[in-house]
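Enquirer: Just so you know, the protein sequences line up as chains D and E, in that order. Counting in my numbering, the first sequence runs from 1 upward without gaps. Counting in my numbering, the second sequence runs from 1 upward without gaps.
Check before you lean on any hint, since a few could be wrong.
The list cannot tell twin chains apart, which means a pair is met if one copy fits it or any two copies do.
Straight-line C-alpha distance at most 20 Å; calculated EDC-like pairs for lysine to aspartate or glutamate [said to hold, decoys possible]:
| id | residue 1 | residue 2 |
| --- | --- | --- |
| 1 | 209 | 159 |
| 2 | 206 | 50 |
| 3 | 206 | 91 |
| 4 | 94 | 190 |
| 5 | 90 | 55 |
| 6 | 58 | 91 |
| 7 | 225 | 159 |
| 8 | 215 | 202 |
| 9 | 24 | 55 |
| 10 | 94 | 50 |
| 11 | 209 | 55 |
| 12 | 72 | 165 |
| 13 | 90 | 62 |
| 14 | 130 | 228 |
| 15 | 94 | 62 |
| 16 | 215 | 190 |
| 17 | 90 | 159 |
| 18 | 184 | 62 |
| 19 | 24 | 39 |
| 20 | 58 | 71 |
| 21 | 94 | 202 |
| 22 | 130 | 159 |
| 23 | 90 | 165 |
| 24 | 130 | 50 |
| 25 | 215 | 71 |
| 26 | 130 | 39 |
In short, the hints are calculated from the structure, not lab data. Every value quoted in this text rests on a predicted model; they were computed, and no experiment measured them.
Protein chains: 2
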Amino acid sequence: MSVSRVLIYGGRGALGEACVSHFKANNWWVASVDLHPNEAADTSITVNSEASWVDQEKNVLEAIATALAGEKLNAVVCVAGGWAGGNAAKELSKAADLMWRQSVWSSTISASVAANHLAPGGFLALTGAKAALEGTPSMIGYGMAKAAVHQLTKSLGSEFSGLPENSMAVAIMPITLDTPMNRKWMANADFTTWTPLSFVAEMFLKWGKGQDRPKSGSILTLITKNSETQLTVE
Amino acid sequence: MSVSRVLIYGGRGALGEACVSHFKANNWWVASVDLHPNEAADTSITVNSEASWVDQEKNVLEAIATALAGEKLNAVVCVAGGWAGGNAAKELSKAADLMWRQSVWSSTISASVAANHLAPGGFLALTGAKAALEGTPSMIGYGMAKAAVHQLTKSLGSEFSGLPENSMAVAIMPITLDTPMNRKWMANADFTTWTPLSFVAEMFLKWGKGQDRPKSGSILTLITKNSETQLTVE
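Hey, can you work out the whole structure from these sequences and the hints?
Expert: Rendered as structure tokens:
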């Protein structure tokens with residue numbers, strides 16, 4: 001049986017590291033894309049955060065083409081992102097610019113990677129946010145960026161998006177992930193409502209095997225209750 | 001009766017010029033923001049397209065503060081924008097970057113101007129696109145940018161967005177505007193389904209007078225049939 005291959009965009013974040021480990025433990029070839037290398041991956045592509053959007057795309061596309069050496073990816077997972085608050089009264093563009101770079105640049109570059117290197121029947125997963133389905137006046141830049149990711153997902157799930165045939169493009173919307181940082185900053189929260197990283201990593205692995213796949217173009221909420229996580233299509 | 005004041009972002013585009021003229025003809029003080037001055041306006045703020053998002057915001061905020069000399073705006077209208085096609089297969093980030101600059105930078109800077117200089121009870125109008133309510137696989141960057149503008153509008157129409165009290169923030173979604181360029185490129189189209197620029201300019205003027213205002217946060221479709229235009233709330 002041939003090796004399966006995944007690219008994890010944001011492979012040094014908490015969720016990204018969990019994905020890299022889980023795919024590696026299941027004998028996938030794993031490429032990590034982030035500002036810093038992930039030593040657990042088979043190959044790490046480091047992004048220069050000072051480079052332009054277009055140059056970042058060019059650099060990532062060239063690096064993954066070299067690393068794949070003619071092979072195809074079976075999955076592209078973008079779990080890069082960030083958060084910034086703020087309304088329109090002060091430095092809106094600064095917050096919006098940061099959110100755009102962290103969530104949208106990474107998502108479109110992942111889409112470009114998928115369009116150019118995904119095998120037919122592969123999948124692309126992006127990361128959205130439930131809050132952005134409505135207005136987000138206290139975090140305007142964040143909401144705009146995530147709304148753009150949602151709409152990008154709908155585009156990629158439509159015919160003639162440029163993705164290979166039978167591929168799936170979806171966005172996941174976690175509520176709160178059970179990460180060390182979240183435990184540190186919200187020490188008194190109810191952790192049984194937080195989504196374990198292992199659940200998300202296993203879900204991606206299943207999709208990679210062609211199991212339990214949602215419809216392409218879906219925006220998926222991950223709701224965790226009593227430590228059980230369920231997927232709901234918006 | 002005191003003078004009313006409006007800022008038109010994109011005051012050198014076809015719709016922008018129509019708005020500048022119409023407000024001027026109705027004795028408003030008019031500021032135009034664009035890459036080039038609009039001589040018909042009371043003041044023109046020129047944007048350096050090479051400057052960063054944050055710097056463009058800073059420069060426009062400083063210039064309008066100077067021009068207003070302590071007065072307030074009654075309306076901020078953003079009709080800047082552009083269009084680019086393309087799916088995920090080729091140079092997605094290039095198209096997305098251009099669309100972001102043309103539609104989203106202009107919209108967030110207009111929101112910043114409104115948050116800082118709009119009088120209570122004033123209004124902000126942005127420009128969205130009906131197509132972006134769904135996936136737009138053949139124009140992915142455009143769809144993302146307009147989806148972000150729609151979500152921005154919902155944020156600005158919510159409490160604590162930073163806009164002054166009793167103000168209104170909406171986005172208009174024209175289908176096809178009756179401009180000289182559109183007549184040139186689509187010479188055989190049915191012009192009776194195109195929205196006249198004068199209709200849009202008069203609608204803004206009415207909102208400026210406090211007449212026929214839609215609910216804040218609304219995304220509004222402009223549908224023209226038999227040369228009659230109707231406003232529908234999405």
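Enquirer: Against each hint, give a clear statement of whether it holds in the structure.
Expert: Now for the hints, and whether the structure bears them out:
no.: 1; hint: 209 x 159; verdict: neither (23 Å within a copy, 45 Å between copies)
no.: 2; hint: 206 x 50; verdict: neither (35 Å within a copy, 45 Å between copies)
no.: 3; hint: 206 x 91; verdict: neither (42 Å within a copy, 30 Å between copies)
no.: 4; hint: 94 x 190; verdict: neither (33 Å within a copy, 43 Å between copies)
no.: 5; hint: 90 x 55; verdict: between (30 Å within a copy, 14 Å between copies)
no.: 6; hint: 58 x 91; verdict: between (30 Å within a copy, 9 Å between copies)
no.: 7; hint: 225 x 159; verdict: neither (36 Å within a copy, 30 Å between copies)
no.: 8; hint: 215 x 202; verdict: within (18 Å within a copy, 44 Å between copies)
no.: 9; hint: 24 x 55; verdict: neither (29 Å within a copy, 44 Å between copies)
no.: 10; hint: 94 x 50; verdict: both (15 Å within a copy, 16 Å between copies)
no.: 11; hint: 209 x 55; verdict: neither (33 Å within a copy, 47 Å between copies)
no.: 12; hint: 72 x 165; verdict: within (14 Å within a copy, 55 Å between copies)
no.: 13; hint: 90 x 62; verdict: between (39 Å within a copy, 13 Å between copies)
no.: 14; hint: 130 x 228; verdict: within (19 Å within a copy, 38 Å between copies)
no.: 15; hint: 94 x 62; verdict: between (30 Å within a copy, 16 Å between copies)
no.: 16; hint: 215 x 190; verdict: neither (31 Å within a copy, 38 Å between copies)
no.: 17; hint: 90 x 159; verdict: between (40 Å within a copy, 16 Å between copies)
no.: 18; hint: 184 x 62; verdict: neither (38 Å within a copy, 41 Å between copies)
no.: 19; hint: 24 x 39; verdict: within (12 Å within a copy, 64 Å between copies)
no.: 20; hint: 58 x 71; verdict: within (19 Å within a copy, 47 Å between copies)
no.: 21; hint: 94 x 202; verdict: neither (36 Å within a copy, 34 Å between copies)
no.: 22; hint: 130 x 159; verdict: between (25 Å within a copy, 19 Å between copies)
no.: 23; hint: 90 x 165; verdict: between (45 Å within a copy, 17 Å between copies)
no.: 24; hint: 130 x 50; verdict: neither (29 Å within a copy, 34 Å between copies)
no.: 25; hint: 215 x 71; verdict: neither (26 Å within a copy, 53 Å between copies)
no.: 26; hint: 130 x 39; verdict: neither (32 Å within a copy, 45 Å between copies)
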